[in-house]
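Colleague: Here are the chains, one letter per residue:
Number of protein chains: 2
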Amino acid sequence: MWCMRVGGENIEDMISVVGLGRVGLPIAAVAADAGLEVVGVDVDEKKVKMINRGENPIPEEPHLSELVRAHGGNRLKATTSYDDASECDAFIIIVPLLLDDNHTPDTSIFEDAVRSVGRVMKKGAVVVVETTVPPGTTENLVRKWLEEESGLKLGEYYLAHSPERIMTGYSISRLKEFPKVVGGVDEQSGIKAFEIYKKFIPNLHLVSSARVAEFIKIMEGCYRDVNIALASELFKLANELGIDFHEARKYANHEYCHVHLPSTGVGGHCIPVYPWFLIKEMEKRERLNYARLLRTARELNDEMVNYWAERIVLECKKINKPLKEVKICIKGLTFRKGVRELNHSRNIVLAKLLMNNGLNVFVYDEMFNKEKIEELGFRWIEPKDADIVFDTFELRTILNK
Amino acid sequence: MWCMRVGGENIEDMISVVGLGRVGLPIAAVAADAGLEVVGVDVDEKKVKMINRGENPIPEEPHLSELVRAHGGNRLKATTSYDDASECDAFIIIVPLLLDDNHTPDTSIFEDAVRSVGRVMKKGAVVVVETTVPPGTTENLVRKWLEEESGLKLGEYYLAHSPERIMTGYSISRLKEFPKVVGGVDEQSGIKAFEIYKKFIPNLHLVSSARVAEFIKIMEGCYRDVNIALASELFKLANELGIDFHEARKYANHEYCHVHLPSTGVGGHCIPVYPWFLIKEMEKRERLNYARLLRTARELNDEMVNYWAERIVLECKKINKPLKEVKICIKGLTFRKGVRELNHSRNIVLAKLLMNNGLNVFVYDEMFNKEKIEELGFRWIEPKDADIVFDTFELRTILNK
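Here the protein sequences line up with chains A and B, keeping their order.
So for the first sequence, my numbering puts the first residue at 1; every next one is plus one.
So for the second sequence, my numbering puts the first residue at 1; every next one is plus one.
Worth flagging that the hints you see were computed from the coordinates, not collected in a lab.
Check before you lean on any hint, since a few could be wrong.
Remember, identical chains collapse to one label, so a pair may be satisfied in a single copy or spanning two.
[Unchecked claim] Straight-line distance between alpha carbons at most 30 Å, and here's what the computed DSSO-like set of lysine-lysine pairs gives:
#1 K280 - K199
#2 K47 - K327
#3 K280 - K250
#4 K318 - K284
#5 K198 - K372
#6 K250 - K198
#7 K250 - K199
#8 K284 - K250
#9 K370 - K321
#10 K327 - K352
#11 K280 - K372
#12 K324 - K384
#13 K123 - K280
#14 K123 - K324
#15 K331 - K317
#16 K352 - K47
#17 K46 - K384
#18 K284 - K317
#19 K352 - K153
#20 K384 - K47
#21 K122 - K144
#22 K176 - K327
#23 K176 - K284
All chains, full assembly: derive it from the sequences and hints.
Modeller: Now the structure itself:
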């Protein structure tokens with residue numbers, strides 16, 4: 001096995017990163033660049049081969065290609081087999097945790113990864129969860145799964161949480177500059193995890209527990225979700241009152257005021273997901289009122305597609321054509337500009353909503369070609385050929401040519 | 001009449017400030033300090049006399065006393081009579097606009113001031129509303145009232161809105177540094193008002209309409225109200241989950257995340273009032289859903305006293321005394337630390353709530369003596385003599401001696 005440790009000197013310098021996605025690969029690459037031996041585990045065989053050839057599977061992520069080229073197949077070895085990571089002193093787990101149709105956390109992929117680590121980890125190993133999870137998950141579920149698989153008890157291994165705070169498109173710079181927190185399920189675990197991260201994360205902070213570390217990440221997501229809902233609500237109000245929202249926002253914002261931008265809702269795999277961790281936990285505890293603002297904001301964000309559909313229909317009616325013949329172009333499907341991701345895309349929902357109402361809907365996105373758009377079940381159009389263009393990233397006006 | 005203009009040179013340099021309260025007096029003093037002749041109108045005869053003697057009726061406001069001492073009775077002349085302001089070229093109206101018991105704006109004091117200005121103003125006068133009002137108030141109600149009283153038509157006089165953005169305790173520095181906006185009900189009005197403010201406000205911006213100017217101020221208040229509700233909600237959630245909110249907040253906050261501090265609700269005459277302007281307007285328009293987040297936040301903030309009452313009772317039960325004998329000290333009644341104001345004080349509501357439940361409640365506030373506390377219907381205590389101290393400005397813990 002090619003991941004075998006060679007020297008005895010850097011005894012803690014071999015780590016595994018479990019999950020080589022948009023967050024895991026930048027972490028693995030930065031750790032390798034800092035001099036650690038990194039074993040990256042991923043289920044995707046094609047991706048694993050690319051990385052080992054020094055090819056970056058996420059070429060749009062700035063600075064990542066240089067790192068993968070420099071370390072892929074050398075200090076950064078990718079594999080589909082957990083066995084190749086058995087010698088590692090630390091495991092950083094960063095695989096998806098999704099929501100089911102009922103907004104309840106679906107831990108199946110996550111549990112599978114944790115149990116796989118439990119099966120190969122050796123005594124003294126440090127396991128760190130980077131996946132954003134509901135508070136208490138690390139100390140309760142992850143600990144239980146690891147101990148069931150490994151037969152080890154806490155103290156014979158160490159367990160901590162360190163939430164990823166990467167923003168796609170800024171992953172490398174975030175790891176190098178942004179404050180990162182780490183919290184253990186016990187004191188020793190926190191210290192051990194801190195020591196490992198310190199080797200490749202400059203702006204690192206030890207917090208009092210894994211649970212606090214988990215909550216920090218969720219808190220951020222909730223702040224964003226509520227403030228995007230607030231911006232959308234203020235946008236609707238301004239529009240209703242005949243006020244230019246963007247002009248007002250420009251002067252309202254200052255050191256103590258941070259009104260966000262309105263949107264068609266909130267997409268991506270972070271912000272629309274994390275509030276549900278708290279809402280669902282409170283539902284279980286019969287304290288639903290404790291998450292009332294979070295729930296209202298979540299609902300409002302999800303309902304924004306209805307507001308925009310109505311606005312678009314109103315614009316269509318101004319055009320001298322039968323309503324169902326007006327060519328509508330929904331421009332931009334990705335959840336953020338310049339990011340090639342469709343998770344929780346609200347504009348897919350918006351386009352389908354308009355289609356289901358019999359309107360003449362087309363789609364354009366500079367990140368995807370005609371074939372990909374058609375694969376998603378839409379008709380492609382160049383914005384210049386449409387009667388109306390709804391530009392997600394430019395909500396100021398619906399362009400009516 | 002002693003306010004008569006003397007020279008012909010500074011033909012636009014005589015202004016009236018209507019309302020010499022915590023906002024109006026600093027504006028009047030700063031304008032006088034910049035060299036304008038200022039006629040301050042207020043209903044309070046005692047205050048008027050003090051100002052004319054150079055005595056500051058709001059001594060706790062930093063730097064205000066120097067200005068009143070320097071200009072009171074000279075360039076800043078106070079009066080109870082609008083007739084003394086009849087020669088002024090501009091009128092800045094900054095009197096209270098309150099809510100009635102149904103949260104509907106009560107414009108009676110405000111209308112009275114506007115009509116009084118309408119009765120004395122001369123042709124060519126510029127009227128600027130600084131009072132925060134529901135959007136559209138300046139161009140609709142204020143215009144109507146002024147024209148009914150003066151017989152003038154827009155163009156024969158000018159009308160604008162420039163929302164005060166003063167924070168008690170920082171009034172003078174805010175006027176000197178903070179961005180201030182001004183918007184006219186027509187283009188000429190905006191320009192005229194801008195020219196006058198430019199003489200004493202360095203950081204001044206002309207916006208496209210009075211309505212936008214009105215909305216800017218309300219938007220700020222709504223941002224604060226929703227974010228205080230969010231902080232309180234996250235505090236409750238953290239506490240329920242056994243997480244130290246303040247530790248988590250410290251690391252959650254950064255350039256893009258501004259989680260506020262939890263509270264017993266929101267007091268003062270600004271933040272808890274402004275969201276209602278929008279909520280009530282949407283109620284009228286049967287678009288209540290457009291203000292749903294604002295309303296939820298408002299309700300949550302108002303309900304926080306119930307949460308704290310329950311928490312205090314739980315703490316009382318830990319003390320080895322019959323519940324109704326535990327001496328509870330509610331420390332701090334004012335809506336903000338160091339500010340001698342009780343408007344919308346949520347701690348008065350909290351203290352009364354506990355009293356109505358038969359608990360042994362006392363009150364302490366460093367801004368008020370024993371007599372004043374008793375006048376408010378409370379028993380006074382020194383915190384050291386209580387069994388439990390609930391410190392509004394330090395919500396981390398309920399001190400249990």
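Colleague: Work down the list of hints and note, for each, if the structure agrees.
Modeller: For each hint, the structure was consulted:
1. K280 - K199: neither (37 Å within a copy, 57 Å between copies)
2. K47 - K327: neither (40 Å within a copy, 67 Å between copies)
3. K280 - K250: between (36 Å within a copy, 25 Å between copies)
4. K318 - K284: For K318 and K284, the Cα distance is within 30 Å only across copies (27 Å; inside one copy 49 Å).
5. K198 - K372: The answer is neither: 42 Å in one copy and 56 Å across copies each exceed 30 Å.
6. K250 - K198: between (40 Å within a copy, 20 Å between copies)
7. K250 - K199: Between. Shortest inter-copy distance 24 Å satisfies the 30 Å Cα cut-off; intra-copy 42 Å does not.
8. K284 - K250: between (42 Å within a copy, 28 Å between copies)
9. K370 - K321: Close inside one copy (26 Å), not across copies (76 Å); limit 30 Å.
10. K327 - K352: The answer is within: 14 Å in one copy meets 30 Å, while 62 Å across copies does not.
11. K280 - K372: neither (35 Å within a copy, 47 Å between copies)
12. K324 - K384: within (19 Å within a copy, 75 Å between copies)
13. K123 - K280: neither (35 Å within a copy, 64 Å between copies)
14. K123 - K324: Classified as neither: same-chain Cα gap 67 Å, cross-chain 56 Å, threshold 30 Å.
15. K331 - K317: within (19 Å within a copy, 60 Å between copies)
16. K352 - K47: neither (32 Å within a copy, 65 Å between copies)
17. K46 - K384: For K46 and K384, neither the intra-copy (38 Å) nor the inter-copy (70 Å) Cα distance is at most 30 Å.
18. K284 - K317: between (47 Å within a copy, 27 Å between copies)
19. K352 - K153: Neither way: K352 and K153 sit 51 Å apart in one copy and 52 Å across, limit 30 Å.
20. K384 - K47: Answer is neither: 37 Å inside a copy and 66 Å across each miss the 30 Å cutoff.
21. K122 - K144: Within one copy only: 16 Å inside a chain, 81 Å across chains, cut-off 30 Å.
22. K176 - K327: neither (46 Å within a copy, 53 Å between copies)
23. K176 - K284: neither (39 Å within a copy, 52 Å between copies)
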